[in-house]
Amino acid sequence: MSRPVKTVVLVGHGMVGHRFVEALRDRDRENTWRIVILGEESAAAYDRVALSSYVDGWDRAALALPGNEYPDDDLVELRVGERAVVVDRDARTVTTSLGHALGYDALVLATGSSPFVPPIPGHDLDRCFVYRTMDDLDAIRTAADSAPGAAGVVVGGGLLGLEAANALRLLGLRPHIVERSPRLMPLQVDEGGGALLNRIVTGLGITVHTEVATDTIEDTGGAASVQLSDGTRIDAAAVVFAAGVRPRDELARAMDLEIAERGGVLTDTSCATKDPRVFAIGEVAAVEGRCYGLVAPGNAMAEVVADRLLGGTAEFPGADMSTKLKLLGVDVASFGDAHASTPGALEVVLNDAAKQTYAKLVVSDDVSTLLGGILVGDASAYGTLRPLVGRPLPADPAALISPAGAQIGPGALPDDAQICSCNAVSKGAICAAIACGAHDVASLKAATAAGTSCGSCVPMLKRMLEAEGVATSKALCEHFTQSRAELFEIVEAVGIRTFSGLIAGYGTGRGCDICKPVVASILASTSSEHILDGEAASLQDTNDHFLANIQRNGTYSVVPRLPGGEVTPEKLIVIGEIARDFGLYTKITGGQRIDLFGARVEQLPLIWKRLVDAGMESGQAYGKSLRTVKSCVGSTWCRYGVQDSVAMAVDLELRYRGLRAPHKIKMGVSGCQRECAEARGKDVGVIATEKGWNLYVGGNGGATPRHAQLLAGDLDSATLVRYIDRYLMFYVRTADRLQRTAVWQESIEGGLDHIRDVVCADSLGICAELEAAMARHVAGYRDEWAGVLADPEKLSRFVSFVNEPDQPDPTVAFDDSGPRKVPLLLGMPDIGNVPEKAS
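Anchor point for the sequence shown: position 424 equals 907 in this note's numbering, and the numbering is continuous, going up by one each time.
Derived by calculation from the structure, the hints in this document are not laboratory data. Worth double-checking, as some hints may not be accurate.
Unchecked claim - Pair by pair, the computed Cβ-Cβ distance ranges are:
#1 R572 with S885: 52 to 60 Å
#2 V563 with D751: 29 to 37 Å
#3 E951 with P875: 22 to 30 Å
#4 E701 with A533: 28 to 36 Å
Treat the numbers as computed from the prediction; the structure is a model and nothing was measured. All C-beta atoms, glycine included, are put in the ideal place defined by N, C-alpha and C.
Make a model of the complete structure from these sequences and hints.
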């Protein structure tokens, strides 16, 4: 092996710096360069784009970029916690903060950017923070822990501001976002998209202040008092600045390099400065005067410099500034000329307020070319629309964004269309990788690097695999190659009881919003542990995390269980008193229960206690589990009834309550063939006959309603329950993620006939196992509300995220006709005699 003869010093070890090291080492086949890295932070390069996920488990290792310490490469020397202090360009040396002098043949500046902190009086108080590093989040966490349930203020309503607000929410604070512009994310979305985004974010329990400035911040002892320009004052446990970034160009200034007009190290398209031995990449670089604040352009610069050091002629090709993110669970995408700045550009807009989606396409004046677009609420079309920017439209633009309109497949894209903008991977490159044997997403990532950065192109990779005739993988997600059913078997067989244990032994990475709730459901359906015990709490989605259904205005609904729809007068009185005392809107549901709307998070345990004390329990309306067993009055009261449908419905609901499943389960029991309980529209329907019971399965509502099909007829009660035990457990074991019983029956090999053979004839010899599993569930059932009330640690999670603690739900109004909901989309009119304070 030839020895290296030259040294490149890399100043900065963020995501772009790491990409430069990988690119140079991959291309330098003759080993002509030795790399010395100076990293200012104590941690080696990590995924700063996913910084907010650090709040989920406070696991620094989970954010580390693969291979970021280069353990097996003696040509890479990593120095973390050591920064460059002085650069002597004449002597070609770098002096570090530890006093070391390093010689270089080439110097690459990848110092990134620093958060901009506006010069607001009080910006340097102890409770003021920035949102940039893991150390910053550790400090914010300490402040939040000191005042659970208090307010938190984020100054800035851009991408980072919304991420910071979500972090504060997860830390138990009540976030306020302060944005000077008229809308959130002003650089990415337009007025229409911003209006929808504001409504959605507000509905999630975050208070938004737009067209407002932060005037002062004062230390009041236990809090930071934030004074806004509209007169609002907020006492906050933490103030987080997310008002933009500035290039970290102070080292370059001291080196007497040229600086762009708005900051950043001025370079040409080769990323070289006026000193040909010094390069700049990433957020600190101003290529021909322009700084780029995204990872994708930084990666492209890293590739250019690696090529140049090896004698190549690569140039920075410009940047695709498209973005697709999921902020606070809300899809937001912006691509191309999103704001229609091109002369003559036309806008085609679909704003569906009811479904909370906004889509805009910007097209040329002759409606032939796609120029850009904005998607809010549903960004599923991003993968196909973004590569079409600058190209002829394959269909009418309105049809491209209409839910029932034209569907664009990968075949409509030319080979040079860029599928992965982060890593500049074209459709042709991906098709070539598929032809060479990359037949799943993981191998496509490894072969092309597509989908390895932000991940927004992963759905398109799956569609391309399908288009190329590759069998679709049954993998749950990119972190587990197994299907949900296979993971269920692993959990049962091995006895793993944590997500971290399962992913460490059978998966990769740190998980995502697909696999975490699925594994949480599997763990819940295979044990009687509380779903908020330990690590499991962080896996749940919002509804399960708070054991209540979140509503569009950020409040929650509470649904006590009323087995079979049966309820005593005493319980009805308690429910009425709770609704009155807390100012809640009440409604009889289609499943014969009473729903209480408008509860704030901190009120939930108070409401639950009164319900539990009255002998009621959680109806689990929030869970992928049994919801209700609807019944008619049966032979007890009805002159047509032939069986006691109420008693059977009560028995079934009490037996299967709390059973976690791939999707929600609904049942019905009718006392005769008149079918007043609508049992054949349920996942499990029971209809009385003169001889016993008919059992129907697989009925669902939804987009494609299905009637349940007869599984077995004229069953006695014991056999009926035994068959339902087997059916439900077989479904729980083998169905895919979020698969209703109707779809499961259609997709399972052999369909209903196979299911009948398994359930009724024990064709697989597993019925004893299925019955035993259900028996364990029945014996281990515990009410989830009562479990929270008995555990101070679980109770501490229930802090308010919406409104002030002494304010009622502003969307509930009372008039002579009773309570009514005030539609948020129609504004907030005077709602009259709303109680000033809920008990």
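Status of each hint after checking the structure:
{"no.": "1", "hint": "R572 with S885: 52 to 60 Å", "result": "holds (58 Å)"}
{"no.": "2", "hint": "V563 with D751: 29 to 37 Å", "result": "holds (31 Å)"}
{"no.": "3", "hint": "E951 with P875: 22 to 30 Å", "result": "holds (23 Å)"}
{"no.": "4", "hint": "E701 with A533: 28 to 36 Å", "result": "holds (34 Å)"}
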